[in-house]
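Engineer: Here is what each chain is made of, one letter per residue.
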Amino acid sequence: MSVSDPASPEKAAGAPRDWGGALSPVQADPIAATHRHTPSQPPPKLYEKRKAVHNKRIDGPFRRFKWLVMVITLGIYYITPWIRWDRGEYAPDQAVLVDLANRRFYMFDIEIWPHEFYFVAGLLIMAGIGLFLVTSAVGRAWCGYSCPQTVWTDLFQHVDRFIDGDRNARLRLDKAPWGPSKIARRAAKWSIYLVISLLTGGAWILYFADAPTLFADFFTLQAAPVAYATVGILTFTTFWLGGFMREQVCIYMCPWPRIQAAMLDEKSLIVTYKDWRGEPRGSVKKAAKHPDQFGDCVDCLQCVAVCPTGIDIREGQQIGCITCALCIDACDKVMKDIGRPRGLIDYATLEQCEAEAAGAPATPAWKALIRPRTFIYFGIWGAIGAALLFALGTRTRIDLTVSPDRNPPFMLMKDGAVRNAYTLRLRNMEGRPRDMELALIGLPKGSLMWTDRIRREDAAETQLLSVPADETRIVRAYVVVPEGAAADDFAFRLTSIDKTQEQDISPTTFASPGAQ
Amino acid sequence: MPEKTRIDEPTGTEFVGHEWDGIQELNTPLPRWWLWTFYATIAWAAVYVVLYPAWPMVERATDGVLGWSSRGDLAEELSAADMARRGTFEKIAATDITKLPADPELMGQAISGGAAAFKQHCVQCHGAGAAGYEQYGYPNLNDDDWIWGGELAEIEYTLIHGIRWDGSRQTRLAYMPAFDGIFEKAQIDGLISHVLSFTGKAQGSAVGAQLYSQNCAACHQPAGQGDPQQGAPALNDAIWLYGGEAADIRKQILYPRHGVMPGWSDKLDPVTIKMLAAYVHSRGGGETATERAGAGEEAREVAPAKKEGAIEEEVAAGPEGGRDERL
Chain A
1 MSVSDPASPE
11 KAAGAPRDWG
21 GALSPVQADP
31 IAATHRHTPS
41 QPPPKLYEKR
51 KAVHNKRIDG
61 PFRRFKWLVM
71 VITLGIYYIT
81 PWIRWDRGEY
91 APDQAVLVDL
101 ANRRFYMFDI
111 EIWPHEFYFV
121 AGLLIMAGIG
131 LFLVTSAVGR
141 AWCGYSCPQT
151 VWTDLFQHVD
161 RFIDGDRNAR
171 LRLDKAPWGP
181 SKIARRAAKW
191 SIYLVISLLT
201 GGAWILYFAD
211 APTLFADFFT
221 LQAAPVAYAT
231 VGILTFTTFW
241 LGGFMREQVC
251 IYMCPWPRIQ
261 AAMLDEKSLI
271 VTYKDWRGEP
281 RGSVKKAAKH
291 PDQFGDCVDC
301 LQCVAVCPTG
311 IDIREGQQIG
321 CITCALCIDA
331 CDKVMKDIGR
341 PRGLIDYATL
351 EQCEAEAAGA
361 PATPAWKALI
371 RPRTFIYFGI
381 WGAIGAALLF
391 ALGTRTRIDL
401 TVSPDRNPPF
411 MLMKDGAVRN
421 AYTLRLRNME
431 GRPRDMELAL
441 IGLPKGSLMW
451 TDRIRREDAA
461 ETQLLSVPAD
471 ETRIVRAYVV
481 VPEGAAADDF
491 AFRLTSIDKT
501 QEQDISPTTF
511 ASPGAQ
Chain B
1 MPEKTRIDEP
11 TGTEFVGHEW
21 DGIQELNTPL
31 PRWWLWTFYA
41 TIAWAAVYVV
51 LYPAWPMVER
61 ATDGVLGWSS
71 RGDLAEELSA
81 ADMARRGTFE
91 KIAATDITKL
101 PADPELMGQA
111 ISGGAAAFKQ
121 HCVQCHGAGA
131 AGYEQYGYPN
141 LNDDDWIWGG
151 ELAEIEYTLI
161 HGIRWDGSRQ
171 TRLAYMPAFD
181 GIFEKAQIDG
191 LISHVLSFTG
201 KAQGSAVGAQ
211 LYSQNCAACH
221 QPAGQGDPQQ
231 GAPALNDAIW
241 LYGGEAADIR
251 KQILYPRHGV
261 MPGWSDKLDP
271 VTIKMLAAYV
281 HSRGGGETAT
291 ERAGAGEEAR
301 EVAPAKKEGA
311 IEEEVAAGPE
321 GGRDERL
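In order, the protein sequences belong to chains A and B. Counting along the first sequence from 1, when you hit position 263 you're at 263 in full-length UniProt numbering, and nothing is skipped either side. Counting along the second sequence from 1, when you hit position 118 you're at 118 in full-length UniProt numbering, and nothing is skipped either side.
Treat the hints with care, since some could be wrong.
Said to hold, decoys possible - Computed list of lysine to any residue pairs in SDA-like fashion (alpha-carbon distance at most 20 Å, straight line): (1) A/414 x B/135; (2) A/414 x B/241; (3) A/445 x A/493.
What the hints assert, rightly or not - Derived CB-CB ranges, DEER-like: (4) A/77 x B/37: 30 to 40 Å; (5) B/37 x A/83: 43 to 53 Å; (6) B/67 x A/220: 29 to 39 Å; (7) B/248 x A/509: 23 to 33 Å.
None of these hints come from the bench; they were simulated from the model. Just so it is clear, the structure is predicted and the values come from calculations on it, not from any experiment. C-beta atoms are modelled at their ideal positions from N, C-alpha and C, and glycine is treated no differently.
Make the full structure from the sequences, and use the hints.
Structural biologist: Shown next as structure tokens:
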């Protein structure tokens with residue numbers, strides 16, 4: 001702690017720790033220390049009111065990249081439910097649809113049944129490892145560009161700028177007393193927030209039902225109550241978290257910064273202030289007079305002004321930094337204006353920083369991507385992806401599960417034959433009705449089968465059944481083995497009677513008296 | 001009591017006055033949002049106590065001004081469920097049991113209802129899987145041996161009137177006389193051999209055959225095929241209610257046992273009985289009317305069940321079927 005506190009014994013025990021501090025060598029920086037409490041100042045409040053962040057508009061490669069990501073992610077989010085995909089008459093024609101009522105998940109040509117949920121689990125694992133990969137390679141890029149909280153906060157900050165003007169105007173307006181013009185501006189701004197929030201919540205539900213129908217139903221008050229509840233909740237959370245909580249979500253509520261801090265290492269790209277180059281700070285004029293005494297940082301505070309979470313990157317790595325790199329854009333612009341080289345704030349690894357501080361030439365950032373850790377993550381990530389694709393390519397669209405009756409396990413018939421009953425689940429996972437052949441394999445000659453819908457007189461070794469499109473049909477099947485024949489393990493075989501000839505074989509047992 | 005309160009210099013906060021291994025705690029005020037939430041929960045609790053049953057008294061809890069009770073909720077739910085089932089019940093009541101199979105959907109509903117009723121009223125004797133209990137003469141309802149006939153109408157009749165049940169005049173009645181002291185031992189041995197010869201379990205016997213045709217064939221038929229009209233069990237099959245070994249048969253000839261089943265017409269409504277019949281019939285052993293006719297017995301005037309081919313006609317659940325419930 002850099003607090004020059006008198007030797008009070010309570011200091012070590014009870015005083016609040018300063019969590020806003022830094023982890024980098026800049027910590028001992030005298031400038032950073034000026035922000036801290038000294039005995040001459042009144043004691044800091046335990047709970048400080050949040051200071052609104054009014055980030056300044058900036059242009060630059062990273063800002064443009066952020067725009068691009070924002071357009072793409074919001075575009076995907078809002079447009080996807082409206083894409084149509086013809087699956088024939090028995091299945092919905094929405095390209096991406098989470099059909100909870102019928103427990104189906106449609107994604108273009110892929111249809112996932114509940115028992116195939118491992119595909120979704122696989123995607124979630126890929127997302128997890130993908131986060132390891134991205135974080136170990138380029139730090140908190142997810143936070144900076146594609147996290148929904150970031151995207152919507154960014155959107156709302158543009159709304160602020162559009163209604164209230166840029167940073168200085170907004171600061172003035174914040175301080176200004178409430179009057180008609182301020183009320184009008186606030187009302188306008190919050191209305192736009194609300195519309196955006198409503199669109200956000202509204203788009204979400206479209207993934208769960210036929211979008212055009214639901215859209216019409218929603219406005220004619222005919223949609224399900226859960227639809228209105230979902231829209232209500234998402235509208236509120238978007239409005240509140242994106243419009244008002246903003247960086248507080250990242251700093252206080254979100255677990256990722258804590259986890260990601262553990263995932264980073266000294267070879268991960270992060271946004272860093274090159275203090276060995278910037279310090280000590282001094283204005284252009286001072287630096288012109290005493291070129292040896294000052295670093296490149298002119299303390300223009302542009303990096304702080306543009307930061308969407310309101311931090312000072314020059315204090316080093318901190319939880320509030322989402323590595324959106326807008327400070328790099330701001331600093332590069334200033335450096336260009338005053339004719340100094342860019343990159344005072346830049347993407348770099350801690351290792352590169354140390355080398356650079358020791359006098360080595362700057363390394364290109366992309367070189368940080370090439371290292372075993374990233375390749376291992378990428379390998380695992382790719383292997384899971386390949387396995388999922390393989391599973392997807394080889395899966396069958398019919399399925400049979402068999403559960404034998406256990407009460408009673410077998411039944412003696414009049415003619416001395418033994419009968420067992422089975423509950424079969426026949427799945428037709430295609431969007432058309434299919435005829436299927438159910439056959440007994442591995443039972444003695446003369447064994448016969450009939451079902452609850454096929455009369456006993458029509459008992460045979462194979463039966464033809466039809467299964468409706470995209471449904472599971474539950475059939476109670478009776479299998480009878482003639483008197484004296486020994487039967488034990490056997491299997492049901494289900495074959496689709498069409499050009500796919502898909503098959504599923506489900507082994508089971510035949511119970512007989514004395515065989516127990 | 002702690003000594004005079006001391007103030008922490010840097011923060012201006014009081015200490016709580018305790019010390020643990022040199023560590024002291026500041027008496028930091030609770031966050032306001034927390035405090036207000038806490039007050040809100042207290043207010044909520046007060047409102048709750050007034051509105052809902054809450055305060056335990058000597059015999060029962062206070063009622064609460066809303067008059068809510070979980071029993072009331074249950075009664076409401078039950079009556080709602082009853083209302084929902086009403087249409088189906090009415091339809092089943094209006095349908096003759098022999099016509100039920102013609103409507104697979106209604107038949108399915110009847111079977112489900114029957115399964116529930118079976119668990120309540122029948123499992124005590126016939127077992128949860130309807131497999132009966134041979135030792136005590138409770139017949140297995142899954143097999144294809146029916147002493148009184150296994151068609152839907154016949155099962156329903158048994159359910160209504162019972163077997164050897166005092167409560168109904170139309171109950172199913174059949175008694176086998178006891179032959180104790182009437183035949184010599186050798187005669188009985190021959191009779192048993194003859195009966196066992198129906199299924200090839202023993203060599204026939206001339207004495208037995210003669211005794212059988214004189215004393216047994218009237219009910220059990222010449223070849224031992226039994227007669228459901230009279231409730232005479234078949235003797236030429238593998239299913240024996242009281243055991244099929246020579247000793248069991250001897251016992252049955254000398255001291256016949258007769259099971260009793262109560263009729264259910266005074267306990268269950270006709271719809272439940274119909275549903276029970278449908279369920280028992282569906283257990284895999286139920287006979288169809290046409291089957292009987294084909295077996296050479298006298299054809300009964302029962303509408304034939306819906307003819308089902310090798311590929312059944314499906315109740316095609318089109319895209320609209322069940323898809324309305326989507327969000």
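Engineer: Each hint needs a verdict: does it hold in this structure or not?
Structural biologist: A quick look at each hint next to the structure:
no.: 1; hint: A/414 x B/135; result: holds (18 Å)
no.: 2; hint: A/414 x B/241; result: holds (12 Å)
no.: 3; hint: A/445 x A/493; result: holds (16 Å)
no.: 4; hint: A/77 x B/37: 30 to 40 Å; result: holds (34 Å)
no.: 5; hint: B/37 x A/83: 43 to 53 Å; result: holds (44 Å)
no.: 6; hint: B/67 x A/220: 29 to 39 Å; result: holds (37 Å)
no.: 7; hint: B/248 x A/509: 23 to 33 Å; result: holds (30 Å)
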